[in-house]
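Using the sequences and the accompanying hints, generate a full structural model.
Using our numbering, the first residue of the sequence shown is number 5, and each one after it goes up by one.
FYI, nobody ran anything at the bench for these hints, they're computed from the structure. A quick note: this is a predicted structure, and the numbers were derived from the prediction, not measured. Any given hint could turn out to be false.
[What the hints assert, rightly or not] Calculated cross-link-like contacts (lysine-lysine; reagent style DSS-like; alpha-carbon spacing at most 27 angstroms):
{"id": "1", "residue 1": "K97", "residue 2": "K190"}
{"id": "2", "residue 1": "K42", "residue 2": "K22"}
{"id": "3", "residue 1": "K139", "residue 2": "K172"}
{"id": "4", "residue 1": "K190", "residue 2": "K139"}
{"id": "5", "residue 1": "K154", "residue 2": "K190"}
{"id": "6", "residue 1": "K172", "residue 2": "K190"}
{"id": "7", "residue 1": "K125", "residue 2": "K172"}
{"id": "8", "residue 1": "K125", "residue 2": "K139"}
{"id": "9", "residue 1": "K125", "residue 2": "K97"}
{"id": "10", "residue 1": "K190", "residue 2": "K125"}
{"id": "11", "residue 1": "K172", "residue 2": "K154"}
{"id": "12", "residue 1": "K42", "residue 2": "K125"}
{"id": "13", "residue 1": "K22", "residue 2": "K67"}
{"id": "14", "residue 1": "K125", "residue 2": "K154"}
{"id": "15", "residue 1": "K154", "residue 2": "K97"}
{"id": "16", "residue 1": "K42", "residue 2": "K67"}
{"id": "17", "residue 1": "K154", "residue 2": "K139"}
{"id": "18", "residue 1": "K139", "residue 2": "K97"}
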Amino acid sequence: MMNSDMDNSRQAAVNVLKVICSMATSRLLQALILDYTKLTGTQVRLESTGGVTAVQRVAAGEKFDIVILALPAITRLATSVQFSPPAHIALSKMALAVHEDHPTPDINNEEALRTVLLGAKSIGCSTGPSGDHLKQIFTRWGQETQLGQKLVVAPPGISVGSLIASGKVDIGFQQLSELLPLLGIKILENLPPEVQLTTCFAGAIPEYSEDATAAKALLQFLVSPEADDIKIQHGMTPSE
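As structure tokens, this is what we get:
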């Protein structure tokens, strides 16, 4: 059941709510916001961009009613922007992908994955959490130079999966939610646990929001049980 805050948002949302998010949650939030607008009439303008770009824009003073990013990014921003306590929206796992015509690589364990990456000519990664995590793995393996020189970082707002589908990279890692809608690639979800990364995506309301009541109501919907099925459909899981 939606609480009174959500019901009151029908009257409270005088202006269109402005929300910024990273690409990993873009399709999920589009679907959830569409449902929310149908339920409440609240108008929401969602802007999706690369996580690094989103952080830079918010830190530079661009105004949004809700900021939805990986939790560590929200935490870093909170040193310069006053936020409400972040609401944990969804958990997202990293996945590996190759071109649809590429043989399915053996990644049953960490050593097998390392062998696959050593044999690849190029490895795609993002500027977000999965890209940072991948570099840490290379360092732990002691092969940050050998594997690091193969890295091709997708430009902000561009999916690693699109680089794989177009043949610009042999293999790549990204949030599962970003890979699922793409054609021309083969996705391997079951990464070895030693290298898997689960990222919590969270939303927070800046103190300068012009309609904090409506923003709070939207956040409550995004973390409510009503949103769980859509999160699963988009390759994420509800945050505990």
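Results for each hint:
{"no.": "1", "hint": "K97 x K190", "result": "holds, 16 angstroms"}
{"no.": "2", "hint": "K42 x K22", "result": "holds, 17 angstroms"}
{"no.": "3", "hint": "K139 x K172", "result": "holds, 20 angstroms"}
{"no.": "4", "hint": "K190 x K139", "result": "holds, 23 angstroms"}
{"no.": "5", "hint": "K154 x K190", "result": "holds, 20 angstroms"}
{"no.": "6", "hint": "K172 x K190", "result": "holds, 15 angstroms"}
{"no.": "7", "hint": "K125 x K172", "result": "holds, 10 angstroms"}
{"no.": "8", "hint": "K125 x K139", "result": "holds, 16 angstroms"}
{"no.": "9", "hint": "K125 x K97", "result": "holds, 24 angstroms"}
{"no.": "10", "hint": "K190 x K125", "result": "holds, 17 angstroms"}
{"no.": "11", "hint": "K172 x K154", "result": "holds, 12 angstroms"}
{"no.": "12", "hint": "K42 x K125", "result": "violated, 48 angstroms"}
{"no.": "13", "hint": "K22 x K67", "result": "holds, 8 angstroms"}
{"no.": "14", "hint": "K125 x K154", "result": "holds, 7 angstroms"}
{"no.": "15", "hint": "K154 x K97", "result": "holds, 23 angstroms"}
{"no.": "16", "hint": "K42 x K67", "result": "holds, 25 angstroms"}
{"no.": "17", "hint": "K154 x K139", "result": "holds, 11 angstroms"}
{"no.": "18", "hint": "K139 x K97", "result": "holds, 16 angstroms"}
Going through the hint list in order, the structure does not satisfy hint 12, though it satisfies all others.
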